[in-house]
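A.B. asks: Listed below are the residues making up each chain.
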Amino acid sequence: MLFELRDVCLARGGRAVLDAVSAAIPIGATAIVGPSGSGKSTLLRLLNRLADPDRGEVEYRGGPLGECEPLALRREVSLVPQLPALLEGTVESNLRYAAGLAGVEPDPAHHLHLAGLDPGFAERDVARLSVGEQQRAMLARALAQGPRVLLLDEPTSALDPGARDAIEATLAALRRELEISIVLVTHDPEQARRLGDWVVRLEAGRVTGCGPLERVLA
Amino acid sequence: MIVAAAASIQVSPGQVAASLALVALAAAVSFWWKADLERDIAVAAVRSLIQLTAIGYAIQVIFDADTIWLVLVLLAVMVLFGALTARNRARKVPGALKPLLISLSLAGATTLGLVVALGIFDPTPRYLVPVGGMVIGNAMTAAAVALNRLGDEMADSRARIEATLALGATAREAAMPTVRRALRSGMITLVDSTKTTGLIFFPGTMVGMLLAGADPTDAVRLQLILLYTLLGSVAIAALVATGLAYRNFFTPAQQLREPNG
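So the protein lines, in turn, are chains B and Y.
Residues in the first sequence are numbered consecutively from 1, following my numbering.
Residues in the second sequence are numbered consecutively from 1, following my numbering.
Note that these hints are calculated values from the structure, not bench results.
Careful: at least some of the hints might be erroneous.
What the hints assert, rightly or not - Some chain B residues near chain Y, calculated using beta-carbon distances under 7 Å:
#1 Leu2
#2 Leu50
#3 Leu71
#4 Arg74
#5 Pro81
#6 Ala85
#7 Ala98
Keep in mind that this is a model prediction, so the values were computed, not measured.
Cβ atoms here follow ideal geometry from the backbone N, Cα and C, with glycine treated the same way.
Turn these sequences into a full structure, and let the hints steer you where they fit.
C.D. replies: Okay, structure coming up:
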């Protein structure tokens, strides 16, 4: 298994956000589905240690996640947040920054192409991009680190249907072209059907289904 | 080495009382325009009267005793009250008191140590008390402004900071643009007022010396020394306060703490 969660609990402001969550996430494409406020984004943040559970265990590739050095883990398990949050400057400077953190050679044109952006975007100021373009630039920035796992938090929630379809096509192409696992958070079961092979369903911080797509979202 | 001039002026209580007419004017403006500051103006006038009178007596005692230890006690009290006051402006910064205490202490110790070591002032109460008061007061303002901005910016930039942490950046790397803006906020007021000094306003020391009958050249030179000293102290205070305080927003695992967590 890629990730395994056992009895994971996490509370914020006295409210249980994740309540005894146990789930397995295999290599491949997994969709975490559930309504707003069900704890999906929090679960995703646990997977690259942007947060740690109050109780319970999380494993990554068979080892305790809590013993992984957070910075190295985040360069391998890259999270793209729900809302674009690029650094000031150009798209290329963001890509170079990310590549520099991971200690890999930057290749902006290649990573922009993978994220479905024209190489001409490299010189664009991030402040002048549309939300959809920023979302793609965030994806390109994550890919610039050469991650083994991509964690995507509602990557199309701020987009119109046309831009959503384009991002979904990009993600499908990424899966074909790169040996990369994807864990995708979505409130839309149809998107989970289009992009996932495996599904973890959350409701009010509890797992109500975990397994192959056809079984959980039948 | 600066040598104290014998010149001094006598100010009677009646003259101080007469200047209260300007306080009444300020209160009248507030009342007329419904700014709702009359009570604050009255409190400010009374507090300044009591506090300055008390510190005047305290300084007299310290001057008479002529011992460095009493000076150090007075400066330590100033640092403590300065840090407590600045903390009120830095409510969004968790654990702000410790960085403030350290930053004000360092700003005071470093700048006073340097002006003594460079032979600018004698290490005597007559110089260390007034200069120390100015240094710590300005350092307090700079640190308070910087941490106030840091708290606001950290709240506004949470998404960007966490997105940067998600790339494997350290807390320092992720917070650096925010810390830089906070540092700049703390320093910019004094830098700007130093740029315009002599053109748009006359600073207090120079005015005081001129009123006391000092030679304008001496007044200008002393004012320049103090302005440059204050620039140094403000830079140290803002740098140390922001450099220590931003860490309180993060866990040891380089995670952004929850706002009330």
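A.B. asks: For the restraint on Ala85(B), tell me whether the closest CB of chain Y is nearer than 7 Å.
C.D. replies: Nearest chain Y Cβ about 4 Å off; hint holds.
A.B. asks: Would the hint on Pro81(B) be counted as holding, given a Cβ-Cβ threshold of 7 Å to chain Y?
C.D. replies: Check passed: Cβ of Pro81(B) comes within 5 Å of chain Y, closer than 7 Å.
A.B. asks: Minimum Cβ distance from Leu71(B) to chain Y below 7 Å?
C.D. replies: With Cβ-Cβ at 5 Å, under 7 Å, it holds.
A.B. asks: Min Cβ distance, Arg74(B) to chain Y: is it shorter than 7 Å?
C.D. replies: 4 Å, holds
A.B. asks: Would the hint on Ala98(B) stand, with a C-beta cut-off of 7 Å toward chain Y?
C.D. replies: Ala98(B) check passes; min Cβ-Cβ to chain Y is 5 Å, inside 7 Å.
A.B. asks: Would the hint on Leu50(B) stand, with a C-beta cut-off of 7 Å toward chain Y?
C.D. replies: At about 6 Å, which falls below the 7 Å cut-off, the nearest Cβ of chain Y leaves the hint on Leu50(B) intact, so it holds.
A.B. asks: Does Leu2(B) hold up as a contact with chain Y if the rule is Cβ-Cβ below 7 Å?
C.D. replies: 18 Å, violated
Checked against the numbered hints above, the structure violates only hint 1.
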